[in-house]
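Can you make the complete structure from the sequences, with help from the hints?
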Amino acid sequence: LRAIASFCPMNRAPRDVLREFCVDLAYVANAGYPVYGTAIRTKGQNVHADLNLCIGTGSLRRRDIERRGAWVYIECLCDFRTNPQLPTRFGGMSGGGIWIVLFKRDGNEFKVHDFALVGVMFYRTDLRRRRCRLRGHFVWSIYGRAWRTRAIAAPVTA
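Each number in our numbering corresponds to the 1-based position in the sequence shown with 477 added.
No lab work stands behind these hints, which were simulated from the structure alone.
Bear in mind that the values here come from a model prediction, so they are computed numbers and not experimental data.
Glycine is no exception: its CB is placed at the ideal position from the N, C-alpha and C atoms.
Take these hints with a grain of salt, some might be off.
Computed beta-carbon distance windows for the label pairs [said to hold, decoys possible]:
hint: 1; residue 1: Gly-521; residue 2: Asp-583; range: 48 to 56 Å
hint: 2; residue 1: Val-524; residue 2: Ala-490; range: 18 to 26 Å
hint: 3; residue 1: Arg-496; residue 2: Asp-527; range: 36 to 44 Å
hint: 4; residue 1: Leu-604; residue 2: Val-524; range: 41 to 49 Å
hint: 5; residue 1: Ala-508; residue 2: Glu-543; range: 30 to 38 Å
hint: 6; residue 1: Ala-490; residue 2: Asn-523; range: 41 to 49 Å
hint: 7; residue 1: His-525; residue 2: Glu-497; range: 16 to 24 Å
hint: 8; residue 1: Leu-604; residue 2: Gly-521; range: 34 to 42 Å
Here it is, written out as structure tokens:
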């Protein structure tokens, strides 16, 4: 297989991603396809799936980032009090991206200036007071590991 293009380069140094994107109140978007509401039909060898893309948005705050041993996590709030349409179950969101999007003002408009994958979701906390949090591996846990793997997997040249 050959890659044609990449819309999200993984070759950014973790320190650069943190410096450029992980600033207080940066715009954060979680994206994934929860199983909730999914309909799958098969007819012969054809499979048709109706999927619901779920995107949550918010602002990055320092308290959303937590280090536990060798791992660094990001948590994003899901508040059912302000958005009762949120799915009640988030199964299937694991592996979904957590993105930071930087905007630039152009007159009266805001346009996307740059974006970066800063996390990968894998867990939902318990629902308390109609709120829960989606947890993901954060910058060091994904880019740092990718960089170490790249260094290990790099071919040795004489």
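Consistency of the hints with the structure:
{"no.": "1", "hint": "Gly-521 / Asp-583: 48 to 56 Å", "in the structure": "holds, 51 Å"}
{"no.": "2", "hint": "Val-524 / Ala-490: 18 to 26 Å", "in the structure": "violated, 40 Å"}
{"no.": "3", "hint": "Arg-496 / Asp-527: 36 to 44 Å", "in the structure": "holds, 41 Å"}
{"no.": "4", "hint": "Leu-604 / Val-524: 41 to 49 Å", "in the structure": "violated, 32 Å"}
{"no.": "5", "hint": "Ala-508 / Glu-543: 30 to 38 Å", "in the structure": "violated, 21 Å"}
{"no.": "6", "hint": "Ala-490 / Asn-523: 41 to 49 Å", "in the structure": "holds, 44 Å"}
{"no.": "7", "hint": "His-525 / Glu-497: 16 to 24 Å", "in the structure": "violated, 41 Å"}
{"no.": "8", "hint": "Leu-604 / Gly-521: 34 to 42 Å", "in the structure": "holds, 40 Å"}
Checked against the numbered hints above, the structure breaks hints 2, 4, 5, 7 and satisfies the rest.
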